[in-house]
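> Using the hints provided, position chain B relative to the given structure of chain A.
Chains A and B, in that order, are what the protein sequence lines are.
Reading the first sequence from the start, the letters are residues 1 to 295 in the working numbering.
Reading the second sequence from the start, the letters are residues 296 to 431 in the working numbering.
Simulated from the structure, these hints should not be mistaken for lab results.
Check the hints yourself; a few may be wrong.
Stated by the list, open to error - Covered stretches of chain B, as calculated for chain A (at least 3 residues, CB under 8 Å):
(1) 302-308
(2) 388-396
As the list claims (entries may be wrong) - Here are the in silico distance ranges between beta carbons for each label pair:
(3) A:Gly259 x B:His342: 51 to 57 Å
(4) A:Thr128 x B:Arg356: 58 to 64 Å
(5) B:Asp376 x A:Arg136: 54 to 60 Å
Claimed, not checked - Pulled from the structure, derived: some chain A residues nowhere near chain B, Cβ distances all over 10 Å:
(6) Leu7
(7) Ala9
(8) Phe63
(9) Gly120
(10) Glu130
(11) Gly205
(12) Gly243
(13) Gly268
(14) Glu273
(15) Gly281
C-beta atoms are modelled at their ideal positions from N, C-alpha and C, and glycine is treated no differently.
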Amino acid sequence: MHAVGVLEAGLCRHVLLSYGDCGRSGNSMMQLLANLNAEDAVFGHFGATGGYALAARRAMHEFHTGPDTWKQIAVGQRKWANLNPRAAMYGRTMTEADYDRSPWIVEPFRTADNCLLTDGGRACILTTLERARDLRHPPVTIMGLGMYNPAADIAPARHLAGPTGARRAGETALRMAGITLDDIDACEIYDCFTYTVEITLQDYGFFKPGEGKDWLQGGTIGPGGRMPVNTSGGQLSEAYYMGLTPLTEGVMQLMGRCGERQLGPKTGNKKPEIILCSDNGGILQSHACYILKRG
Amino acid sequence: MTSRKPLPKINADTAAFWEGCREHELRIQKCGECGHLRWPPAFLCPHCLSGKTELVRASGRGTVYSYTVYRVAFDPAFRGDLPYVVALVALEEGPHLVTNIVGCDPSAVSCDMPVEVVWDDVTETVSLPKFRPAAR
Numbered sequence: 001m002h003a004v005g006v007l008e009a010g011l012c013r014h015v016l017l018s019y020g021d022c023g024r025s026g027n028s029m030m031q032l033l034a035n036l037n038a039e040d041a042v043f044g045h046f047g048a049t050g051g052y053a054l055a056a057r058r059a060m061h062e063f064h065t066g067p068d069t070w071k072q073i074a075v076g077q078r079k080w081a082n083l084n085p086r087a088a089m090y091g092r093t094m095t096e097a098d099y100d101r102s103p104w105i106v107e108p109f110r111t112a113d114n115c116l117l118t119d120g121g122r123a124c125i126l127t128t129l130e131r132a133r134d135l136r137h138p139p140v141t142i143m144g145l146g147m148y149n150p151a152a153d154i155a156p157a158r159h160l161a162g163p164t165g166a167r168r169a170g171e172t173a174l175r176m177a178g179i180t181l182d183d184i185d186a187c188e189i190y191d192c193f194t195y196t197v198e199i200t201l202q203d204y205g206f207f208k209p210g211e212g213k214d215w216l217q218g219g220t221i222g223p224g225g226r227m228p229v230n231t232s233g234g235q236l237s238e239a240y241y242m243g244l245t246p247l248t249e250g251v252m253q254l255m256g257r258c259g260e261r262q263l264g265p266k267t268g269n270k271k272p273e274i275i276l277c278s279d280n281g282g283i284l285q286s287h288a289c290y291i292l293k294r295g
Numbered sequence: 296m297t298s299r300k301p302l303p304k305i306n307a308d309t310a311a312f313w314e315g316c317r318e319h320e321l322r323i324q325k326c327g328e329c330g331h332l333r334w335p336p337a338f339l340c341p342h343c344l345s346g347k348t349e350l351v352r353a354s355g356r357g358t359v360y361s362y363t364v365y366r367v368a369f370d371p372a373f374r375g376d377l378p379y380v381v382a383l384v385a386l387e388e389g390p391h392l393v394t395n396i397v398g399c400d401p402s403a404v405s406c407d408m409p410v411e412v413v414w415d416d417v418t419e420t421v422s423l424p425k426f427r428p429a430a431r
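Just chain A, same shape as in the assembly (with noise of 0.2 Å):
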């Protein structure tokens, strides 16, 4: 967003949004999570997992979520990064059996729920659309965006499962792409575990409260499926690059870079016009929404 308002005012030609990071090999991913929530060090609360895992259960309780839903998430994407040779879980299946089988972590999630740590990087250029006209790709343009941050902290949150900030930032994004729901080709979603997908597609309005897993149920969000999510393998699959995981892979898919999983006749899905993707930050106090469109 700030990077759109530096290109809108003139103030810069061209704007690179890049992330790198040696999450798997350094611990630099671990001590920006410590610090998180430092306080809370002294009750062994560490981290994003224990913080995402407390909104979860609050769901579970409000509104009936829990594994049966998460399950169809983690295993749907796995199928997109079974498709994505840069994927680090490209030659790793995935069944509801195996989702089972994987160790708690910090209930109610599992190894499975979480997203990966990762060595590597992303990176994506944004300009005006009169110079990426010029460009040897084709260009994806940005038709509404939206931002809100409910909460600054986990403890004075009163609404732990929700809505989070996805749903006045999906309002407003839609409304600036002036579309709806219907109009969306595809989702790429922040996805740093299997829950923060499920409450980040409810508040955006694809389905009530507690029944993403009839919504999901079937390969929703698969290769074929009606509507696709995470189509790198997300987060959770292909690699954690923060908002760049979800964000470049709308871009790609709707440049058609995207080779065996390019969403099209080859997957069984339509080929993308509009692709909505998010972006969140803390235990689910920020959010961003972005709608991109091809040419």
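Then chain B, alone, in the frame of chain A:
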């Protein structure tokens, strides 16, 4: 080698709370202007931005707003406690605290169950407020 568990990093905002804990009292900030009870401690009221602050003593009774069961020790000092429960407890006065539920099996914990404070004197000067199922 066993590593030590972390202790609270006490600062100007949180000192009054931890002094209360030392005396086994949950002291919560109350805005002297609008009466809002706030957590975590801060020098301004997040509702009306007043700097006038009073301390009130919370009863120590509340309910479990949400909870998790740790099956992995992110810090080796907690290995001996596994599995242990981290919870958000909603005090009956309003504020939510991150804490532990102790004194029962993790599988016995549920959202909205009534709990009461129990003090864990971890050093001579530091006591942690933890919670156990409320006596009926």
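> State for each hint whether it applies.
Okay, the hints, checked on the actual structure:
Under the rule that three or more residues need a Cβ within less than 8 Å of chain A, the assignment of the segment 302-308 of chain B holds, with 3 such residues. Judged by the Cβ-Cβ criterion of 8 Å, the segment 388-396 of chain B is covered by chain A as claimed, because 6 of its residues qualify and three suffice. With their beta carbons about 53 Å apart, Gly259 (chain A) and His342 (chain B) fall inside the hinted range of 51 to 57 Å. Our hint of 58 to 64 Å for Thr128 (chain A) and Arg356 (chain B) holds, since their Cβ atoms are close to 60 Å apart.
For Asp376 (chain B) paired with Arg136 (chain A), a C-beta distance near 57 Å keeps the hint of 54 to 60 Å intact. Remark: the non-interface label on Leu7 (chain A) is consistent with the geometry, its nearest Cβ contact in chain B lying 35 Å away (cut-off 10 Å). Here Ala9 (chain A) stays apart from chain B, with its beta-carbon at least about 31 Å from theirs, past the 10 Å limit. No Cβ of chain B comes within 10 Å of the Cβ of Phe63 (chain A); the nearest lies about 12 Å off, and the non-interface call holds.
Gly120 (chain A), annotated as away from the interface, keeps every beta carbon of chain B farther than 10 Å; the closest lies near 24 Å. Every CB of chain B is more than 10 Å from the CB of Glu130 (chain A) (nearest about 44 Å), matching its label as outside the interface. Under the 10 Å C-beta cut-off, the non-interface status given to Gly205 (chain A) relative to chain B holds; the minimum distance is some 24 Å. No beta-carbon of chain B comes within 10 Å of the beta-carbon of Gly243 (chain A); the shortest separation is about 24 Å.
For Gly268 (chain A), the non-interface assignment is confirmed: its Cβ lies about 38 Å from the closest Cβ of chain B, beyond the 10 Å cut-off. Against chain B, the non-interface label of Glu273 (chain A) holds: every CB pair exceeds 10 Å, the least being about 40 Å. Distance check for Gly281 (chain A) against chain B: the nearest CB is about 19 Å away, which clears 10 Å, and the non-interface claim stands.
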